[in-house]
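> One-letter residues, chain by chain:
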Amino acid sequence: MAEETRTQWSLQCSQYLGEISALCFLHFPTHLSSLPFLLAGSGSQLMLYDLESGKMLRSFHVFDGIRVHGIICLFTDCTEGTVSSKLGFQLAVFGERRVKLFSLVIELFLGTQNQSGVSVNLNLLHLLPKFGNWVLDVCFMKGFVSSYNEGSHCLAIGCSDNSVHVWDILNSIVILEVQSPERCLLYSMRLWGDNIEALRIASGTIFNEILVWKVVPKYNAPSSTSPMEDHNDQSYPFSNHVLFHYQQFEAVHMDKLAGHEGSIFRITWSSDGSNLVSVSDDRSARVWAVHTEINGSDKPGYSIAPELDGVVLFGHNARVWDCCISDSLIVTAGEDCTCRMWGLDGKQLLMIKEHIGRGIWRCLYDANSSLLITAGFDSAIKVHQLHGFWSKGLDGRAEVKEFIDRTEIFTAHIPTSSEHNGLMDSKSEYVRCLHFTCEDSLYVATNQGYLYHAKLSKTRDVKWTELVQISNEVPIVCMDVLSLKSSELSGGVEDWLAVGDGKGCMTIVKVLSDVSAPKVSLTFGWQAGMERQLLGTYWCKSLGYRYIFTTDPIGTLKLWGLYDPSPSVSHSSAGHYNVSLIGEFASCFGIRILCMDASFEEEVLVCGDLRGNLVLFPMLKSLLLNTSVASEEKMSPINYFKGVHGISSVSSVSFARLSSNQIEICSTGGDGCICYLEYDRDRKHLEFIGMKQVKELSLIQSVSEDNDSIDDLASGRYAAGFASVDFLIWNLITETKVVQIPCGGWRRPHSYYLGDVPEMKNCFAYVKDEMIYIHRNWILDGEGKIIPRNLHVQFHGREMHSLCFVSENLQLRANGKHNLYSRFSWIATGCEDGTVRLTRYTPGVENWSASKLLGEHVSGSAVRSICCVSEIHVFASEANTISDGTNRQVVDTDNGENPFLLISVGAKRVLTSWLLRNRRLDKEEALADQQYSEIGSSNKPSSGVSSSMSFQWLSTDMPAKYSSSHKYPEDAENFVGAAENVSSTKVDAISHFQGKGKMDIKPCLGDKYEDDWRYMAVTAFLVKYAGSRLTVCFVVVACSDATVALRALILPYRLWFDVALLAPQSSPVLALQHVIVPICLPSEG
Amino acid sequence: MGKASRDKRDIYYRKAKEEGWRARSAFKLLQIDEEFNIFEGVKRVVDLCAAPGSWSQVLSRRLYLPAKLSPDSRESDLPLIVAIDLQPMAPIEGVIQVQGDITNARTAEVVIRHFEGCKADLVVCDGAPDVTGLHDMDEFVQSQLILAGLTIVTHVLREGGKFIAKIFRGKDTSLLYCQLKLFFPLVTFAKPKSSRNSSIEAFAVCENYSPPEGFNPKDLYRLLEKVGSPSGGEDLDCSSGWLEGPNKVYIPFLACGDLSGYDSDRSYPLPKVADGTYKSLDPVQPPIAPPYKRALELKKASSHGIQELEKLSLDS
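Quick mapping for you: the protein sequence lines, in order, are chains A and B.
The opening residue of the first sequence carries number 1 in the UniProt record's numbering; numbering runs sequentially from there.
The opening residue of the second sequence carries number 1 in the UniProt record's numbering; numbering runs sequentially from there.
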């Protein structure tokens, strides 16, 4: 990717994207920064993050060919100046047999902006001699308290042969080496202690035990012996205790902790050295008190220790990889991708599940700032701020306080409900609907027809205003509110409430509110349907308050127009509106419509129903604007898509992005999916272009749009919905949980309202036991700060079987555009869990800039191979000359851009093709440039994630399950006949297949047992006849049954054909590549 | 994955069940034997990390049973097979089980006692730790396991004997190779066809055990470490980095197993049965109690606890 140097090429090691294998906090003096910095080790790299901005400050290659297994830091000095403060650290970084000692100097410039004012310097201080065994832990300490000169620093190194070496940093020599007589295979080791005398070693064996030992002087020799020369000679005696400078030390066994039923993966010491936490293969964590005879003089904090001994933490569903312990809690993280917090009594307090892939490899907790960092195989580093989650009780135990400190919880009764204390019946007064209009304003509709307004004050009081009783004792069944800036009250709001009742009556209530209590300024109603036939009412934001929709149980949507007969007198609030039925839209499915959206400009209306279907209706401007319409019109659908969300209900639908003739529709549903469809207005064509399953949600209520995003398919940033009985808000970009509120599920009346940053601004109200509960988390700008939640790009987190560069140059050349993005490079990767990701990196820039999920193979079948195809090989032929120019032009305008395909194949013979989304480059240009400039100093996690290339799902081909459902009808073969000329000539053109290519169209034999074959390799090319509408994508796939087959995808029809079975192989082919050899053209026809 | 589905996907899994092997790894040893003829003249064998016992089964069927069934066999002449593992396993005919730690030299004494003072002709080891997914870590722990196995080998193997051990191929393979070469003039890394291509697993076939002159088993670790830290490679981070370039070690690598035989990466259709229904067999030896057994048992109780906690926070 070097720009100019064409003549000299050299391979350069760039950034690593993979598991995070080590974490370490860098603590500053509190007046300089309240939050620590974070060091993370990934591959052979070290990355330094500022947690406040979430920005990676620098990354360093510290090793060559080995992984960073651990980082330990020691604060050395701090010089504060007027312009800047310099902080010095010593870092010990280890991996395999190697330990390196670095000095890290961080200079914080004062006065300037926080972000730019940091300079970082890392220098190698010393390369320790390579150890004979793997280093499992290192620890800074002070040397000998008793005899050695004060202030000398040492590094204790624990090795996998259950030995400890002590390195004198000042003199660069090994001053002590002791091996425990207990020789065992170790998985983990942790050291604790300030000096050699206090050093404690805990070794976790693969045979389920923890050995605790220490080093003690063998005899108390006077320390007068002169230091010996550098001890680097190979012939030192190997015994359990070794003679060193002036004292002989030996290992003294302290304890053998048995109880785990699996290998010990990690151990951690409590800060006072009295307790150990260990995690194991047996899916548990255990807390141990270390029994020491010399502990009498220890700190008083020790008192909690004895009762902790033997606490076992069960809960993980797989192996546990890491743990940490603070004064009040224990954190564990493991293979099940969860991070769990436990009280010291062993009770699980909280579980976080935001990582994907093979699990969380490291977790780290800082009690001072309540920051929890988790990092794992998915390469993501996530930051969790536990706001006052734990208060230290007097007895030193954690107590669960409120869920999150800043959340206000309101509880309120509706004013009249107190009348009924007895049994509830259908006539009782209870809440039917809730609706937030802003963070302090909630409308409530009741079973007895009352409408209330609840104002939430800062003091957690609820101020009720009774607005109106629609009709006596008739329940309100549906409500929608349209909140507008008031034209009558300056600075006030006018809310248009539409309510439908059980008798089929609609009522519109206009409410004006400013700082004072809300006032009803207008009420009118009409009969909108039969009794019990009015089930829903919807405003449409784009249409305003003049149009309201109502729905019935059988899939009809009625559009009503509201007309003010006296428009000139705007203050006549008592005036009565005229209501007329403009149109009736009848769904072809006859199933109740649950959500809708309309676009005035595009003249379409989309509805989602109870059974997962989407229906599109025309909605002509003339219809809406013609005020004097006399007869309502019956509309029939222009298009529909059955079962977008399976048979689960569609919970929201919206027009996501509009272009000249294409409309993107985004829907969410009760299947936990967000689906994207594209509607082509000219062709009246509705097609599915992609979906995202939010695994954490079983029902997605809605997706908030993020207009700043330049990414098409990821336009929704937050999904709100439910997971069993909990309400959840999920950040789709950082894949983190924003809010979780146990509320009893979506069937209860509920409402939520999100501010611009839902992490800081969210409200949720629900009803339980005649009580309205309101959870409000509303932090005004400047009042509080949220810290970025995701520090590093999230990746597969599992084994990848395939990788392919997606060259943007190719794409742009194909589109006849200049090379705008040469500074970005793209990689498509396929993973064993069936996901395909597109990852962007910028050569020369220290961080990966984006990675996103392209899609998933059917039923998560593993992706084995990926290839991308862009260049079309056009065949000139007689057809070219015959076809007149106009015909060709039609073709050209039709497919103005060449298709750019990505093809992934894998297990279960799934073959999926993805199409690069057409985009308007002019718009992207600016954004991409802006993006680029941001990368260096990007401080928003979101900016690192949005991307400027996206693919949509195009077509999937996989063998049908049963032979009966294999349909390759005759006419389909005839159809391909037209394209057949193309393919036959084409195959000849490819030398690789020459002679082998047998042109028999092989009907697929429906073998009952073949459905577990898998594709191992793929390559593809595009062919087109000049003048033909069709583009054929030939795909060569190698299958695990040792066959290689040529298949064809006919575009734009997305039809798949088996073209030929290439010469059989004796064993499965693992890699394929094709060569295009031009032969004499034009073809022989 | 369902049993039938795995039958289709994995030919050796299916064959193992059909032929009564406890694990598909039995084929790996059989295929190594096809290539190296490791059982020839073998009278005493040690199987390290034997559970669940498929290699012991192979040893029993290939060595013990033929000898027992031959008409001129005498009780005292029968081959001796000793299987060592920390975990108990179901008994196998002709296999003496020793529950012990292979890293411990005392285990070796027990073995020699079973051989009545004689040394073994062959030591096999198919043990591997649970892989974590960090390849360097897995490879390291595996090589530690092999080197621990070497402790036993140096105690129990007769000169000229053979040692076969599972290895994980990775960046430090050449280092392991050099370490094994200290004791065996002939070391080959073999990949049986029944071992999947995608797996980093292979087998070290070490022949003609000849310890260095004056070798004392106590010095084993010192010798091994010496290979690991040569004088020239000090400034390299990677332990086997010094074995690249001019010092490059070329490791004999061999694919073994009948090349026309089954391919573990290939899927094979299930045999057509007369009545059209293929019946998937149950595994020969169901998995032994996993380490997380107790975790599963306690799962219910702890999740109950969480529910109560949630209820609490809701009511507050």
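Read the hints as simulated data drawn from the structure, not as lab findings.
Here the structure is a predicted model, which is why all the values come from computation and not from measurement.
Glycine included, C-beta positions come from ideal geometry on N, C-alpha and C.
Hints are supplied without guarantee of correctness; some may be wrong.
To be verified - Part of the chain A face toward chain B, derived, beta carbon under 10 Å: (1) 44; (2) 95; (3) 102; (4) 105; (5) 107; (6) 131; (7) 186; (8) 466; (9) 647.
Said to hold, decoys possible - Just the calculated beta-carbon pair ranges, DEER-fashion: (10) B:219 / A:79: 25 to 35 Å; (11) B:87 / A:858: 33 to 43 Å; (12) A:858 / B:185: 48 to 58 Å; (13) B:219 / A:30: 34 to 44 Å; (14) A:291 / B:75: 29 to 39 Å; (15) B:253 / A:77: 50 to 60 Å; (16) A:182 / B:213: 28 to 38 Å; (17) A:1067 / B:73: 34 to 44 Å; (18) A:695 / B:68: 23 to 33 Å; (19) A:79 / B:218: 51 to 61 Å.
> With reference to the structure, classify each hint as holding or not holding.
Tested hints:
no.	hint	verdict
1	44	8 Å, holds
2	95	7 Å, holds
3	102	14 Å, violated
4	105	23 Å, violated
5	107	28 Å, violated
6	131	8 Å, holds
7	186	8 Å, holds
8	466	29 Å, violated
9	647	25 Å, violated
10	B:219 / A:79: 25 to 35 Å	52 Å, violated
11	B:87 / A:858: 33 to 43 Å	40 Å, holds
12	A:858 / B:185: 48 to 58 Å	53 Å, holds
13	B:219 / A:30: 34 to 44 Å	54 Å, violated
14	A:291 / B:75: 29 to 39 Å	53 Å, violated
15	B:253 / A:77: 50 to 60 Å	54 Å, holds
16	A:182 / B:213: 28 to 38 Å	31 Å, holds
17	A:1067 / B:73: 34 to 44 Å	41 Å, holds
18	A:695 / B:68: 23 to 33 Å	57 Å, violated
19	A:79 / B:218: 51 to 61 Å	53 Å, holds
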